[in-house]
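J.: Model the full assembly from the supplied sequences, consistent with the hints where possible.
Chain by chain, the residues:
There are 2 protein chains.
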Amino acid sequence: MYTLYSMQRSGNCYKVRLALAQLAIPHRLVEVDILKGDTHTPDFLAKNPNGQVPLLEVAPGRYLPESNAILWYIAGGTPLAPEDRIVRAEALQWMFFEQHAIEPNIGAAYFWLALVKGGRELQQHALEDWMEDGYRSLGVMEKQLTGHRFFAGERYSIADIALYAYTHLAHECDFDLSRFPAIRDWLERVAAEPSHVRMDFTPLPAAAE
Amino acid sequence: MYTLYSMQRSGNCYKVRLALAQLAIPHRLVEVDILKGDTHTPDFLAKNPNGQVPLLEVAPGRYLPESNAILWYIAGGTPLAPEDRIVRAEALQWMFFEQHAIEPNIGAAYFWLALVKGGRELQQHALEDWMEDGYRSLGVMEKQLTGHRFFAGERYSIADIALYAYTHLAHECDFDLSRFPAIRDWLERVAAEPSHVRMDFTPLPAAAE
Numbered sequence: 662m663y664t665l666y667s668m669q670r671s672g673n674c675y676k677v678r679l680a681l682a683q684l685a686i687p688h689r690l691v692e693v694d695i696l697k698g699d700t701h702t703p704d705f706l707a708k709n710p711n712g713q714v715p716l717l718e719v720a721p722g723r724y725l726p727e728s729n730a731i732l733w734y735i736a737g738g739t740p741l742a743p744e745d746r747i748v749r750a751e752a753l754q755w756m757f758f759e760q761h762a763i764e765p766n767i768g769a770a771y772f773w774l775a776l777v778k779g780g781r782e783l784q785q786h787a788l789e790d791w792m793e794d795g796y797r798s799l800g801v802m803e804k805q806l807t808g809h810r811f812f813a814g815e816r817y818s819i820a821d822i823a824l825y826a827y828t829h830l831a832h833e834c835d836f837d838l839s840r841f842p843a844i845r846d847w848l849e850r851v852a853a854e855p856s857h858v859r860m861d862f863t864p865l866p867a868a869a870e
Numbered sequence: 662m663y664t665l666y667s668m669q670r671s672g673n674c675y676k677v678r679l680a681l682a683q684l685a686i687p688h689r690l691v692e693v694d695i696l697k698g699d700t701h702t703p704d705f706l707a708k709n710p711n712g713q714v715p716l717l718e719v720a721p722g723r724y725l726p727e728s729n730a731i732l733w734y735i736a737g738g739t740p741l742a743p744e745d746r747i748v749r750a751e752a753l754q755w756m757f758f759e760q761h762a763i764e765p766n767i768g769a770a771y772f773w774l775a776l777v778k779g780g781r782e783l784q785q786h787a788l789e790d791w792m793e794d795g796y797r798s799l800g801v802m803e804k805q806l807t808g809h810r811f812f813a814g815e816r817y818s819i820a821d822i823a824l825y826a827y828t829h830l831a832h833e834c835d836f837d838l839s840r841f842p843a844i845r846d847w848l849e850r851v852a853a854e855p856s857h858v859r860m861d862f863t864p865l866p867a868a869a870e
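Same order as they appear, the protein sequences are chains L and H. The numbering of the first sequence is my numbering, which starts it at 662 and goes up by one. The numbering of the second sequence is my numbering, which starts it at 662 and goes up by one.
It is possible that some hints are incorrect.
A pair counts as met if it fits within one copy or between any two copies, since identical chains are not told apart.
Simulated pairs of lysine to aspartate or glutamate, EDC-like, Cα-Cα distance not exceeding 20 angstroms [said to hold, decoys possible]:
(1) K697 / E815
(2) K778 / D694
(3) K708 / E803
(4) K804 / D704
(5) K708 / D694
(6) K708 / E849
(7) K708 / E718
(8) K708 / E789
These are calculated hints, taken from the structure and not from any lab test.
T.: Written out as structure tokens, the structure is:
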């Protein structure tokens with residue numbers, strides 16, 4: 662059984678928890694608190710030298726980091742992972758976009774404004790850049806979703822899961838989505854997918870072995 | 662035949678040009694100058710609303726952006742793209758790492774210090790963060806390469822191509838690689854791969870149709 666090291670309030674971790682739930686994959690969940698330094702202990706760094714969650718133990722002692730790589734790993738061979746060559750490339754396109762255009766902006770704003778007490782004061786100099794780049798990236802998403810129901814191949818996939826994680830938190834960190842109607846409709850479509858779970862969902866503990 | 666929109670001095674574009682060369686895939690090359698605003702014309706934005714290169718026209722009127730998604734698209738089914746489930750996930754892991762931990766730091770430092778005249782003054786406030794985060798990320802790579810010849814599956818793959826692009830430019834933008842011996846050895850191994858081309862390589866014009 663997989664073990665997932667995850668922080669409940671992390672968007673990157675939520676991606677994996679959502680996909681595991683929708684794919685009904687049994688797993689053990691280990692809650693890790695970034696804010697308390699849990700990802701920088703010698704024990705954790707031995708598992709992931711990059712000191713980040715989510716981290717999936719795919720086999721005893723073999724650890725896979727990076728939320729979007731984990732999504733491809735667990736969803737491979739299921740309807741959530743496109744197999745057609747160009748659709749798969751387009752799903753990857755949006756997942757790489759997510760990691761350099763959404764997560765560093767909306768994700769960073771969320772971390773400092775919603776999670777860290779006093780974050781607004783600490784990151785005052787960076788917030789303006791995150792808002793500007795974040796709005797520009799939301800504009801790129803809005804353009805794609807105007808005329809497309811989902812990001813790749815006109816069906817719900819791990820590309821949507823990847824982009825949903827931080828986009829659905831944007832309103833909690835000062836982003837105003839009122840001028841992005843296509844994004845708001847897509848957020849509703851994603852939340853209406855079968856077996857959707859919210860970010861505050863806590864799965865039942867795995868059955869005792 | 663593919664058309665690649667590319668800027669000669671961009672590391673992200675170099676990834677694709679290197680893979681196309683090593684896979685001997687014929688293509689037409691359109692040089693685009695980011696510094697002159699070529700990626701923000703209405704014509705270019707119609708092809709890629711995100712206004713970035715590289716951009717691959719995979720079929721007439723169908724455009725694929727994102728360097729690492731393009732790598733997976735063109736290398737699929739070749740020895741450069743791992744097919745084993747966990748090795749493929751580990752290649753993806755390092756390519757996502759590259760986009761959020763190397764490109765935004767070493768790539769940004771390279772852009773402002775090596776390409777933009779006066780960039781050091783313009784980005785003085787950000788340089789310190791890029792150097793700190795860049796060194797931390799190089800440390801993660803050094804750890805992986807201590808005991809591994811390549812990033813995924815112990816053989817040269819598109820994960821190495823993705824990470825090579827900006828890492829081999831690090832010394833041009835103030836990074837000192839002397840304390841990263843495993844990275845320096847790996848840079849040499851990558852450059853010794855068959856059909857390797859340097860970043861300043863200009864391919865022969867495609868044959869007339």
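J.: Confirm or reject each hint.
T.: Against the structure, the hints come out as follows:
1. K697 / E815: Intra 41 angstroms, inter 35 angstroms, cutoff 20 angstroms: neither.
2. K778 / D694: within (15 angstroms within a copy, 43 angstroms between copies)
3. K708 / E803: Between copies, since 16 angstroms is at most 20 angstroms while 38 angstroms is not.
4. K804 / D704: between (44 angstroms within a copy, 15 angstroms between copies)
5. K708 / D694: Answer is within; shortest intra-copy Cα gap is 16 angstroms, inter-copy 42 angstroms.
6. K708 / E849: neither (36 angstroms within a copy, 28 angstroms between copies)
7. K708 / E718: within (9 angstroms within a copy, 40 angstroms between copies)
8. K708 / E789: The answer is neither: 35 angstroms in one copy and 28 angstroms across copies each exceed 20 angstroms.
Violated hints, listed in ascending order, are 1, 6, 8; each of the other numbered hints is respected by the structure.
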